[in-house]
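If you follow the hints, you should be able to join the two separate chains into one complex; please do so.
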Amino acid sequence: MANSEHTRRTFLSLTGGAAVLVIVRPADATPAMLSAAIRNVIGEANVRTGKVKLDIPPLVENGNTVPMTVSVTSPMTADEYVKSIHVFNEKNPQPNIGNFYLGPRAGRAQISTRIRLADSQKVTAIARLSDDTFWSATADVVVTLAACTEEAI
Amino acid sequence: MPSALINVPAKAKRGSVIEIKTLMSHIMETGYRHTASGDVVPRDIITSFTCRFNGAEIFRADLYPAIAANPFITFFTIVTESGKFEFEWIGDKGFSETAQASITVE
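Respectively, the protein sequence lines represent chains B and H.
Quick note: the first sequence, position 14, residue 14 per this note's numbering, numbers continuous.
Here this note's numbering = 1-based position in the second sequence + 153.
For reference, chain H alone in the conformation it holds in the complex (with noise of 0.2 Å):
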């Protein structure tokens, strides 16, 4: 089951800003909410996002629970050349996942 929803342009000219959407499904429990009988609900939530191009990082985030369940992100990139998105998610309890999107610049 895919976890993780990327949106890239398959297609891009060289040098254009193009924006990258990015949606990984996780619960972001808080770690501030309680169950009925009062215990409280462990935290589990991703705390860091990281998008390499062809190897290099060029987006990179730290994330809190203040952010809502299934984590969206947006963000823009410059490109120069045809090459691969590598994606990843780290968090809480040895959470890991990976994702990829490749391009291709005209």
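Pulled out of the complex, with its shape left as it was, chain B reads as follows (with noise of 0.2 Å):
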């Protein structure tokens, strides 16, 4: 019984590599952009999944507003802390969404805000954490009605 269970953790564990494989290698289908705005901020470490829980509507009508919440399982000491939240898409003109900078006095590793986005497409959030460890979590978002797509007046 122990055996199995442990063959199935190394199978999930083999599976979430796979899939942060395909967020950050440059020579996949994503593009080059959002490869080079992910290592401008993780550098040469590692992302792996986990501990990021992205709260994001799978089916949105309107591109424009996109409510979003981004939390962190941590318990914010003053010696393991959340440090940083960095969002990014895949399809918008600019890869970036936004950067949020916490610290032990946040308390709760959490925020939300409301986004743009231009197209279906994939939401990625990565925390670093206070031992610089990155974590990541990635939604698939369908939009109906994109945003930056209207004629302004």
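Hints listed in this document are in silico derivations from the structure and should not be mistaken for laboratory results.
Wrong hints could be hidden among the right ones.
[What the hints assert, rightly or not] Residues on chain H that point at chain B, a partial pick, calculated with CB under 7 Å:
{"hint": "1", "residue": "Ala165"}
{"hint": "2", "residue": "Gly168"}
{"hint": "3", "residue": "Asp215"}
{"hint": "4", "residue": "Ile220"}
{"hint": "5", "residue": "Ala221"}
{"hint": "6", "residue": "Phe225"}
{"hint": "7", "residue": "Ile226"}
{"hint": "8", "residue": "Thr227"}
{"hint": "9", "residue": "Phe228"}
{"hint": "10", "residue": "Thr230"}
{"hint": "11", "residue": "Ile243"}
[Unchecked claim] Only pairs whose alpha carbons sit at most 30 Å apart, straight line, appear in this in silico DSSO-like list of lysine-lysine:
{"hint": "12", "chain 1": "B", "residue 1": "Lys91", "chain 2": "H", "residue 2": "Lys164"}
{"hint": "13", "chain 1": "H", "residue 1": "Lys246", "chain 2": "B", "residue 2": "Lys53"}
{"hint": "14", "chain 1": "B", "residue 1": "Lys53", "chain 2": "H", "residue 2": "Lys166"}
[Unchecked claim] Just so you have them, the derived chain H footprint on chain B, three or more residues with Cβ under 8 Å:
{"hint": "15", "segment": "48-59"}
{"hint": "16", "segment": "62-72"}
{"hint": "17", "segment": "137-144"}
Just so you know, even glycine gets a beta-carbon here, dropped at the ideal spot from N, CA and C.
Quick look at the structure:
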């Protein structure tokens, strides 16, 4: 029993690792700008999936205001806390959405805002912890009315 | 005309975690839109938001055109003493706004 549990965990961790590679490896189908923006934040560090929760509606009618909440599992003590949260998108004209700098005094590692999405796409949140490890979560969002496309008056 | 809406509890228990909600009126023009005649509408966004408590920075954000109009940002903080929160928004075209809120900690 213990052995099969171990195998399952190993499998899960392997698939989790594969998902991260899709996000950060420049050779993949994701635009080079997105990879560059992520590299700009994480440097040469590895990003692991987990700890980060990205709350965003899977289907939105209006891409101009999409509510988004990012929370990170962390005790938020003086020794162990979240330094920053970085949010990226795949298909807007610019890959960055926002950088949010926290610290031990945040008490809870959670931020909310409203964002624009120019197309149906993936949104990725990456958290930098106090031990300089990086954790991420990715969500797919289907947008029926895209932002940025309407004419200004 | 107040352009910022701030929601901070007036009172809190020492050591508790409170939520701070902020909203700043701003068009957040992306710089990617065109007029009917084809001209690009110049970018006009808020690029930075900072919250300080009794002078010390407790939260900061870099904003990009992907943040929706009238930027709404919420975050949390631990309160250990009574004092004053100061909020600052800085953006394109010399945009700069501040707001304040006080809290009594018991």
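**Prompt:** Any of the earlier hints contradicted here, and which numbers?
**Reply:** 1, 2, 11, 12, 13, 15 and 17
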